[in-house]
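Asks: Here's the letter readout for the chains.
2 protein chains.
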Amino acid sequence: MADTEPTQTPPPNPAVEGAEASKGPSKSELKKRTKEAEKAKKAAEKAAKQAELEAQKAAAEVDFATEFYGKLPLNQSQSRPRRSRIQIASLTPELDGQPVLLRARVQTSRMQGSKMVFFVLRQRIDSVQALLTVSEGKVSKQMAKWAGGLAMESIVLVEGTVKKAPEIIKSATVGNVEIHISQIHLISGIEGILPFSVEDASRPELEAEESEEAQFKRVLLDTRLNNRVVDLRTTTNQAVFKLQHAIGNFFRDYLDGQGFTEIHSPKLQGAATESGASVFKVSYFKGNAYLAQSPQLAKQMAIAADFERVYEIGPVFRAEDSNTHRHMTEFIGLDLEMTIEEHYHEVLELLDGLFLHMFRSLRQKYSKEIETVRKQFPADEFKWREGPEGTLKLSFKEAVDLLVEDGVPREALDDIDTPSEKRLGRIVREKYETDYFIIDKFPMGLRPFYTMPDPEDPTLSNSYDFFMRGEEILSGAQRVHDATMLAENMRAKGIDPATMSFYLDAFRMGCPPHGGGGIGLERVLMLFLKLNNIRRASLFPRDPKRLEP
Amino acid sequence: MADTEPTQTPPPNPAVEGAEASKGPSKSELKKRTKEAEKAKKAAEKAAKQAELEAQKAAAEVDFATEFYGKLPLNQSQSRPRRSRIQIASLTPELDGQPVLLRARVQTSRMQGSKMVFFVLRQRIDSVQALLTVSEGKVSKQMAKWAGGLAMESIVLVEGTVKKAPEIIKSATVGNVEIHISQIHLISGIEGILPFSVEDASRPELEAEESEEAQFKRVLLDTRLNNRVVDLRTTTNQAVFKLQHAIGNFFRDYLDGQGFTEIHSPKLQGAATESGASVFKVSYFKGNAYLAQSPQLAKQMAIAADFERVYEIGPVFRAEDSNTHRHMTEFIGLDLEMTIEEHYHEVLELLDGLFLHMFRSLRQKYSKEIETVRKQFPADEFKWREGPEGTLKLSFKEAVDLLVEDGVPREALDDIDTPSEKRLGRIVREKYETDYFIIDKFPMGLRPFYTMPDPEDPTLSNSYDFFMRGEEILSGAQRVHDATMLAENMRAKGIDPATMSFYLDAFRMGCPPHGGGGIGLERVLMLFLKLNNIRRASLFPRDPKRLEP
Chain A
37 MADTEPTQTP
47 PPNPAVEGAE
57 ASKGPSKSEL
67 KKRTKEAEKA
77 KKAAEKAAKQ
87 AELEAQKAAA
97 EVDFATEFYG
107 KLPLNQSQSR
117 PRRSRIQIAS
127 LTPELDGQPV
137 LLRARVQTSR
147 MQGSKMVFFV
157 LRQRIDSVQA
167 LLTVSEGKVS
177 KQMAKWAGGL
187 AMESIVLVEG
197 TVKKAPEIIK
207 SATVGNVEIH
217 ISQIHLISGI
227 EGILPFSVED
237 ASRPELEAEE
247 SEEAQFKRVL
257 LDTRLNNRVV
267 DLRTTTNQAV
277 FKLQHAIGNF
287 FRDYLDGQGF
297 TEIHSPKLQG
307 AATESGASVF
317 KVSYFKGNAY
327 LAQSPQLAKQ
337 MAIAADFERV
347 YEIGPVFRAE
357 DSNTHRHMTE
367 FIGLDLEMTI
377 EEHYHEVLEL
387 LDGLFLHMFR
397 SLRQKYSKEI
407 ETVRKQFPAD
417 EFKWREGPEG
427 TLKLSFKEAV
437 DLLVEDGVPR
447 EALDDIDTPS
457 EKRLGRIVRE
467 KYETDYFIID
477 KFPMGLRPFY
487 TMPDPEDPTL
497 SNSYDFFMRG
507 EEILSGAQRV
517 HDATMLAENM
527 RAKGIDPATM
537 SFYLDAFRMG
547 CPPHGGGGIG
557 LERVLMLFLK
567 LNNIRRASLF
577 PRDPKRLEP
Chain B
37 MADTEPTQTP
47 PPNPAVEGAE
57 ASKGPSKSEL
67 KKRTKEAEKA
77 KKAAEKAAKQ
87 AELEAQKAAA
97 EVDFATEFYG
107 KLPLNQSQSR
117 PRRSRIQIAS
127 LTPELDGQPV
137 LLRARVQTSR
147 MQGSKMVFFV
157 LRQRIDSVQA
167 LLTVSEGKVS
177 KQMAKWAGGL
187 AMESIVLVEG
197 TVKKAPEIIK
207 SATVGNVEIH
217 ISQIHLISGI
227 EGILPFSVED
237 ASRPELEAEE
247 SEEAQFKRVL
257 LDTRLNNRVV
267 DLRTTTNQAV
277 FKLQHAIGNF
287 FRDYLDGQGF
297 TEIHSPKLQG
307 AATESGASVF
317 KVSYFKGNAY
327 LAQSPQLAKQ
337 MAIAADFERV
347 YEIGPVFRAE
357 DSNTHRHMTE
367 FIGLDLEMTI
377 EEHYHEVLEL
387 LDGLFLHMFR
397 SLRQKYSKEI
407 ETVRKQFPAD
417 EFKWREGPEG
427 TLKLSFKEAV
437 DLLVEDGVPR
447 EALDDIDTPS
457 EKRLGRIVRE
467 KYETDYFIID
477 KFPMGLRPFY
487 TMPDPEDPTL
497 SNSYDFFMRG
507 EEILSGAQRV
517 HDATMLAENM
527 RAKGIDPATM
537 SFYLDAFRMG
547 CPPHGGGGIG
557 LERVLMLFLK
567 LNNIRRASLF
577 PRDPKRLEP
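Listed in order, the protein sequences are those of chains A and B.
All letters in the first sequence, in the order written, are residues 37 to 585 by this note's numbering.
All letters in the second sequence, in the order written, are residues 37 to 585 by this note's numbering.
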């Protein structure tokens, strides 16, 4: 246990010397003895008094320890004085002289001599310096020693006074004040050894040419993920997951404003739909079930059930044995589906409006978090077009032409593979000054069976992908809403319509024209912030080799 | 195909009689013949003219069919005139005489004679009567016949004029107007036979004593769920799922306002945690994974990772082979976890505030939807206490005493089983006039290993359940945040701490005191509306016997 209990000084044993009586003494002897006895008595009294004083002092020390420092009861929940705690973020020099109470992590503690302890205290993305100084009747040496010995990452409850900082403290995010501690209690300590310090885990990720020391201190991704709970405490990660929450909220708010209904579709399915190869099999009582690799079928059935416009935020599962920087076996899908009145570009334009809303809101409302992340992950600011010309839309053919112009052999471009995507992203950024664009009209052969063909050229389809920094973040299309056509397309792709009869039935019962798309939440987060690996955008990522923590 | 294409009248064969030439005729004969020829020519000309007229007329009929009725192109997405569609809900008598365009389902269609067709057109929870009348040059007999033959549940695009209804039309939700149709097109038809009509599926659920006819028309739950896409189209279900969306939003908004962060935790886990018995096993590449039966561990780890206050909305999986009215194998958990400053009642009170916010917001903002559901599912209005005395809070002991007073033998009340819960609900409603209450301080023996014991009486725990209409809808507690105590508790419950080391590690690295709870979304919805079966509150429910649709 690194959280040391205050060592109690045992009350000193009072050195009381009892006077010993002897038999048949002489008078002078008696006198002498009496004198000696008196002397002894006095000495004893003195000793007793001394002992009492020392005992009192020791007792006072114990009270002091209980009152001013030490470990709080494990259970908490014993009384409720309703004392309010302050957030580090709200500390300002205007509070100079004000008493405050706060709960925080000990990011670092450092003794200076035997009379001063410097702390950096941390709450989420904020930190402040705090100072404990030995002073008569207020802060004992013992208390300072105990506090200086607190392990990094201990959680403490601190009472103190806000002081303007004599100069800006660079080691803390709130650098213009410090806290002068009068009391400090341990709420929760550390057991064992930290896998790495939060300070080391917060160092900037440098692209190359690091110093040997920097390389040594660098915490590798795998080490971070194995100890994700500590890794998540960096200000960077606190910001990343505030931004993840924000993206979800912007998605929802925008769609709620457009008349969408949020749905929750089952992840357990009776058949391996869409593409059986990448589906996880589940033991389901005496039979099997399969994990949904998207809410595609369910959201389309919701359209057939008159929901008009639906979205879902939920896990999707992909049993693909690939360990790239952008694939996980479980991720959060932001999915939507909507009825079309006249043309599938209604969907494409709504999706574009949605992305612009997310980008704008992130920049407007979360600049502090974005800045926090950038300190560790330096990146060019994410660019999109705001002018009257709107978002760049290329047809698949135009995208291919751009790549061919850039030197990619046309024969290699039946599909645009991942390296070509990245290359296209660079070409587009240079030519159109945007990190965000749309490719429309993919060849029918590249899309799933439920994609609606182009009415004029059946080799093309009414489908689109959206890109951020040269990586796909959304795939979508107008869907086939006619049961006969759907069954034909299934057969053409080698799927037996009988295995998906419940899905086909939905269309047999009448379904309006519709389209939609699916966004990977973690991809948007990774690419907006340029985190370079999707695992950094997932709380507890899952890949073929990782199921814990 | 029930959606009949308009039959084209073939253009009539023009009856042209050719004049036949003969050899060597006399002059008079010639004259006669010339006259005859002229006559024939005239007749031919007349016939040709007649034929042309008829052809013109037929052609006009075809144009008329294309213009005024018929099936729209399957693909849509060919042109984009951007004509705006109206919502039935926004139709009012003030719009009398206004032209409108709308897309809707044909709920019913009925021919009256050969010249009039009455429709009830439906959009989600609204419906309106529409009327097609044969009139020269506007609505042909053919068009009326075609329209009258449209199958129920066809989707049509209708152009017409709003008219004040001569009297309130009871068969529609918007009863004070009707639409006089000038054009009608089929967007999507029906293939095969409807399993039941949406009208039948919308009839009130009567408790008992139904007429034989009512019983016959009643659509059984299993039939509904087998054909969920049609069942979901009832105005009742449209309202139910709008309310489901609303509850999720109220949950989120309230917690966002209280400084919570939304998280997404993985559903795939490396070990069968919490209680292995009710966990689904997944084939995971060359090994196995397990489906999370709650985000309990992940949300606690998020607290250890300094997230302070977190919530999650996501699927939870229970491999329990029970087919009750309130269990599903997959449902949506509304889960939250928060740091405690002084006392676990901080959590209990926040949860209470959350429920009151949900109840109040539902009543204030969704009275139309609640009324819609009540037409099919009659229920006493859901009651809660709004006075200064606040929500009723009973200790487990007090709840047991109430049941004993009511005649339940005390020996049977080590736990409060489902029938006793229901009974308690009735007792509380009678005595305290509320359908919503809290039971606090459950015996430690009834709660999982991660529950914090009561500091004064270790046979009790800092845990609570929330109830609606006598059924549990939330279970929560203060959690053990100390790794040593947690490992001891695991051993005491027969769990090997080594199997959950990643979880224990989170607490070894320092974790603040915290507590939380989990709410079943579908249960709240079912109990607020009194739907009597949880499957009605789930879009596509899953139970041991149902994995489709």
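Don't read these hints as lab results, they were simulated from the structure.
Just to be clear, a hint being listed does not mean it is correct.
Identical copies go unnamed one by one, so any copy, or any two together, can satisfy a pair.
In silico EDC-like links for lysine to aspartate or glutamate, alpha-carbon gap of 16 Å or less [to be verified]:
| id | residue 1 | residue 2 |
| --- | --- | --- |
| 1 | 401 | 451 |
| 2 | 419 | 357 |
| 3 | 206 | 72 |
| 4 | 477 | 492 |
| 5 | 404 | 130 |
| 6 | 199 | 241 |
| 7 | 181 | 388 |
| 8 | 174 | 508 |
| 9 | 322 | 356 |
| 10 | 477 | 74 |
Computed from a predicted model, the values in this text were never measured in an experiment.
Asks: Does each hint fit the structure? Answer for all of them.
Replies: Cross-check of the supplied hints:
When the C-alpha separation of residue 401 and residue 451 is checked against a cutoff of 16 Å, the pair qualifies neither within a copy, at 38 Å, nor between copies, at 49 Å. For the homomeric pair residue 419 and residue 357, neither the shortest alpha-carbon distance inside one copy (33 Å) nor that between copies (52 Å) is at most 16 Å. Neither within a single protomer nor between protomers do residue 206 and residue 72 lie at most 16 Å apart by alpha-carbon distance, with minima of 68 Å and 117 Å respectively. Taking the shortest Cα distances, residue 477 and residue 492 sit within 16 Å of each other inside one copy (12 Å), while across copies they are farther apart (69 Å).
Proximity of residue 404 to residue 130 under the C-alpha cut-off of 16 Å is found in neither arrangement, the shortest distances being 22 Å within a copy and 51 Å between copies. Neither within a single protomer nor between protomers do residue 199 and residue 241 lie at most 16 Å apart by alpha-carbon distance, with minima of 34 Å and 69 Å respectively. When the C-alpha separation of residue 181 and residue 388 is checked against a cutoff of 16 Å, the pair qualifies neither within a copy, at 60 Å, nor between copies, at 43 Å. For the homomeric pair residue 174 and residue 508, neither the shortest alpha-carbon distance inside one copy (61 Å) nor that between copies (51 Å) is at most 16 Å.
Taking identical chains as interchangeable, the C-alpha atoms of residue 322 and residue 356 lie at most 16 Å apart only when they sit on different chains, with a minimum of 12 Å there against 26 Å within one chain. Neither within a single protomer nor between protomers do residue 477 and residue 74 lie at most 16 Å apart by alpha-carbon distance, with minima of 112 Å and 64 Å respectively.
When held up to the earlier numbered hints, the structure conflicts with 1, 2, 3, 5, 6, 7, 8, 10 and fits the remainder.
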